[in-house]
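Asks: The primary structure of each chain is shown beneath.
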Amino acid sequence: MSRHWRTLMGTLGRFVSTPLATLVTISVMGIALSLPAGLYLLLSNLGQASSSLETQAQISLFLKPESGKNGQNQIEQKLKRHAEIKTFRFVGRDQALKELSASNGLGDLAAGLPNNPLPDAFIITARDNDADQLDKLRLEISQWPGVEAAELDSAWARRLNAMLDLGQQLTFMLAILLAFGLVAGMGNIIRLQILTRLDEIEVSKLIGATDRFIRLPFLYHGALQGLLGGLAGWGIITLGAQLLNLSVTRLSNLYGSNFQLEGLALADAAALLGFSAILGWVGAYIAVSHFLRHFQRSHH
Amino acid sequence: MITLSQVCKRYPGGYEALKDISFSIEKGEMVFVTGHSGAGKSTLLNLIAAIEPPSSGSIIINGQNLSQLRPAAVPFLRRNFGLIFQDHKLLYDRNVFNNVMLPLEITGFDRNEAGKRARAALDKVGLLEREKAMPIALSGGEQQRLCIARAIVHRPSILLADEPTGNLDSAYASEIFEMFKSFNQVGVTVIIVTHDERLIERFGERTLHLQHGALTA
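From first to last, the protein sequence lines are chains A and B. Residue numbers in the first sequence follow this note's numbering, run continuously in steps of one, and reach 300 at the last position. Residue numbers in the second sequence follow this note's numbering, run continuously in steps of one, and reach 217 at the last position.
It should be emphasised that the hints constitute simulated quantities derived from the structure, not laboratory data. Given the structure is predicted, the values throughout are model-derived calculations rather than measurements. The C-beta atom is built at its ideal place from N, Cα and C for all residues, glycine as well. Among the clues, some could well be false.
Restraint ranges, calculated between C-beta atoms of paired labels, are given here [unchecked claim]: (1) A:SER27 - B:ASN167: 41 to 51 angstroms; (2) A:LEU12 - B:LEU128: 24 to 34 angstroms; (3) A:THR18 - B:LYS19: 48 to 58 angstroms.
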């Protein structure tokens, strides 16, 4: 245990004694990590904003104003019998106005109206979530007597979700690519470290050091530098979110919303740090093992 | 303790450094290896310390056949040896004390106990007052003594010295040979490669003569 402690201290000492090189490495890692992590943050914020929207298979059915209580009852009977419909609820025009007033950004608009322009409506949830099926159902219902129009609520939310999915995939691919880049970069940094400590490695091997013993300080070096790079990346995206928030708040205020960019959640930040430390460790492990294989051969 | 039978060492290109070498060294013996330069003395030490493998023949150390040793077991074999190099191979980025600590760190010694042992080893070679000095500040003789302290600190059973007095004047040289003699007297097997015939005569120990890679009587 004391060896680990001394190795840790020795590695930190090395960082302090080569501040410029360490700083450059950490910034490069931080910037590289902040790209996918920042994208992830943006997407999860967008995802949160859109998840308050209903993405279920919902159809809004608007009644003609002249259909009255009778028409409403007839349609209700038809809805009850329809096999494709899971649930439905009636939203009267007064209630609809109330909901509208309470919703984001439209409160002022509703308050300014001289009288209620909204129709009575049914909100229908279908059994089948499939887009084609839903559209067929919508078309069928819209042709019932007494129906003004039927609209698929979820269409644009679905489109947004599909785009978010695409964004997530892109982020994932970017993260994988950068991970390879960081491992290779860390491998190179460790290779240079090895070259500055060749004497120590040679002597240690001659007097009975195992490969484990020789590897340890370099693994610490890689993992610690990775961790610091992760911290830098976290710092960059937190700062970025703060700066963006100034304009985001202004924009969302204009829409009467109080949407704000959230920073990385603690669990996500911990994952980022762990991930970057592991990348550094892996890069170091590959570099040292590669070196030791060749070293052994040249000494036999 | 050390047995070589029919050991040959050929290097790529066909150069034959050692030819059909067979001998045994008993536990607690002190042996000189001598010969002209290029006779294969250093190669012989390298084979015994498992730094190089022989091209053919077998080397048995403490009952272990080196050619059957897994690579992962080599470090543990090496801990039986104390190696003394002509060029010292000191680490110039740390002080005298920490140079001597290295073998104990490698074997995972308790830090306090290791410190005591390191100081005892430095005391034995007369460098205790210089424990905080950097190796670069030491004279040639002091550097060689530091190398010896590092070789004995983990109490090896076999001491292998390659031209330990090569760069030293004769007063220093005999002082260091006396030191080896005292280690031998407490039971350490000592093998010294040297071409200093006068010292060999003075100590009168068993001597292996190498000539063009072969042993001569």
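Asks: Determine for every hint whether it applies to the structure shown.
Replies: Hints, one by one, checked against the model:
no.: 1; hint: A:SER27 - B:ASN167: 41 to 51 angstroms; verdict: holds, 47 angstroms
no.: 2; hint: A:LEU12 - B:LEU128: 24 to 34 angstroms; verdict: holds, 31 angstroms
no.: 3; hint: A:THR18 - B:LYS19: 48 to 58 angstroms; verdict: holds, 50 angstroms
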